[in-house]
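K.L.:
Put together the whole structure using the sequences plus the hints.
Protein sequences, first through last, are from chains A and B.
With the numbering used here applied, the first sequence has no gaps in its numbers, which climb one by one up to 468 at the end.
With the numbering used here applied, the second sequence has no gaps in its numbers, which climb one by one up to 402 at the end.
You may find that some hints are simply not true.
As the list claims (entries may be wrong) - Calculated lysine-lysine pairs in the DSS-like style (CA-CA distance at most 30 angstroms, straight line): (1) A:K87 with B:K399; (2) A:K379 with B:K270; (3) A:K356 with B:K270.
Quick caveat, the hints were computed from the structure, so don't treat them as lab data.
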Amino acid sequence: MNIVCAPQGLVDPERPGRGVGDIAAAGFEGVMLDASMCCPPDEFELRGVHPESLYESMKPFLDRCGQEGLLMPIARAPHPKRNTKRSDLKEMLLQLVKESIRVCEKAGCGYLIVDPLFAGIGNRGTGCEGIGNRKSGCEGIGNRRTGCEGIGSGETRCEGIGSREAGCAGIESGKTRSGMEWEVNREYYLSLAKAAEESRVMILLQNQCREHNGHLMRGICADAEEAAAWVDALNEAAGRECFGFCMDTGVCSLCGQNIREYAAALGARMKAVVLRDCDGHYETSMLPFTCTNCGSSATDWLGVVRGLREIDFDGLLIMDLGTTAEAFSRLLHPQLLQLAYGVAEFFKWQVSMKRVLKKYDTRVLFGAGNMCRNFMKCYGDEFPPLFTCDNNRERWGERFEGLEIKAPESLKELSPDCAIFICNIYYREIEEQLREMGIRNPIEYFNDEYMPSYYFDRLEEWKGEV
Amino acid sequence: MSGIGVQTKNVINDNCPEEGFTMLRLAGFSCADFSLNGYLLNSSLYRSELNDFFDRSVQELERFFTPHKRGAEAAGITINQIHMPYPVYVPGADKEINDYLRNQVAPKSMAVCAFLGCPHIVIHGFKLARFLGSEELEWQETAEFIDSIAPLAKEAGITICIENLYDSIGGHLVEGPCCNARKAAERIDYFNDKYGAEVLGFCFDTGHANIVGLDFEDFITALGRRLKVLHIHDNDGISDLHQIPFTFARTRENRSSTDWDGFIRGLGNIGFDKVLSFETAPVLTAFPKAMKQDVLGFIADIGAFFSGELQKNRK
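P.N.:
Right, here's the structure in full:
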């Protein structure tokens, strides 16, 4: 799993030296190559963007990243505003994305996030000409009433509109959204496949909001099963894995989604995750854990970790803190970025917790309290420890959660490849103690803050009311 | 024209139910959503507080609700749906409380539903995903509960309706049980096949859907014929306010921020011909008491408007 930083709010594209330097100094291994820096969505519609100028406008940023030794494993293609009313941008977008693919090749980017066409417009009733206006009866994106095509498990046959009812003939339940938004985007994405393959770039789709009179709602690919079906259908049509998915936690939060379920449904298609916080109502990119209410985060970070851990996510974590960064003095960006990197490392640790458990054939625990109890509840069957140990001599010889509690001295008798998982928040102190005892076994930090399930007493303060 | 209904909460007085039902009739309603949940409040249950209302025997409950039944009949109001008290499982509460909810409150609610001649009872699924770790495990708990009352439903010809709910994360309301229409459809079909009767259906709650940004049209269309009852109300997309449709806007254009067009299109897609029922009891406490009849009339007018639009859109 690699951590990259989104440059929005941190880097001035014309004078990228300071921002890129701050990102590198904070410890980030890579940075996202975001074309929006050079052609912001606001300006996109007003002035248009010349595809041939894209590389030149990004060159100072690319050069600076190279000088700082920052990798650019992922890029984001230019995109218009979410609530654009323009339906004539397809050709310009297509050329821009193709140029973005070429820039990716030059920069060594393996992934390119490409928003679907008319990503935020939604499916109907927007009042714009030619795009989903069902009442006007015009043909366009997302006009479901036309009775035209859906995708049935990757196929593009004509299915009647009535087949949208789950379980009806002709449509695979939960996997399709019949409407022109798929048809138009299928053609759009597939037209990029050849160039992407030649440049060894994978195109990533991303979940979208749509706006209904100022209210952000679920848009294209906000339904995880639909998103998975789109990716599968595109790959099937392309004949190879040209397409993947990037989950934006901010969009999930704005759409009030169960992020654990969302991630689980995407599975291995998920190649990147944008980590950003917001209040769930207004579009912001805040540093995770900073959008809080009465001491709790408004974003379902538990769901994020659970979902990514479940699918054994090993892709790119994109830290997007643009809004937070813009609010801070630039003079404080170095410190802010250090915190951001620490947060990203925290996520990486949490998400890979199970993968680390899998690394070892045998293991013991250190600690015989709640963390040990939670380990045994969630992982004890799959990864049984030989025993646990504790510094409290009065507990030596006791059994706890089915494990014998031994003295730390007993760790000296372990085979060298047996890992010690510390189940106590005094990680560093315990590791130091064990190293001073001469123990050379692998030592790992286990943590139960984000577990796959909880005992009911763990979340007793939680009282959902409807 | 579709039947138009509203909650009985804040309208029906136990001392003289007929008066409230008459008020509904005068306002233009033909149906009622009987607020059985008002007799054992969720706010009390979350504090692990029970009252003795459901200590009554079924016969005693029937006696208690006889004036309500007669009052509705006299006023020409059909009780189309009732709301079972919720939650029926309180995480972290004593076993005694949860056993009481399952073994006393739930079956007696079914009995009251049958007594009132009501064809639908709305339940809340268990909110346990954060404890158990997945929506599927959470559903299994709800399914087990449904299994406990489904035989009663079959016997009485009642359809139990699961409802799309929300959950709270740091004060941010996010999707809770039954927010995936396609999964809900599969689960409903499973139960109905298992019992050989329509024991399970769906209650679409517009307010809850709006809070979690669901696509109304897509959701309703995916449910199809499984959609039996509605909870129509509006909010700002942030809090569960249970207000009158069309009252919230977020931009200077002042257009409704709730997708009512999508709602009607969805109902039209599935040929919905059941009751347009409002869950707007808080409106009645927000407005002055003296305006209650007018407010109810306005809500009924909106129901009539929806009915007309639905007529045009019905496929």
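K.L.:
Give a verdict on every hint.
P.N.:
Do the hints match the structure? See the list:
Of the supplied pair hints, the one linking K87 of chain A and K399 of chain B holds, its CA atoms being roughly 28 angstroms apart against a limit of 30 angstroms. A hinted pair counts as satisfied when its Cα atoms are at most 30 angstroms apart, and K379 of chain A with K270 of chain B qualifies at roughly 28 angstroms. About 28 angstroms separates the Cα atoms of K356 of chain A and K270 of chain B, which keeps this hinted pair within 30 angstroms; it holds.
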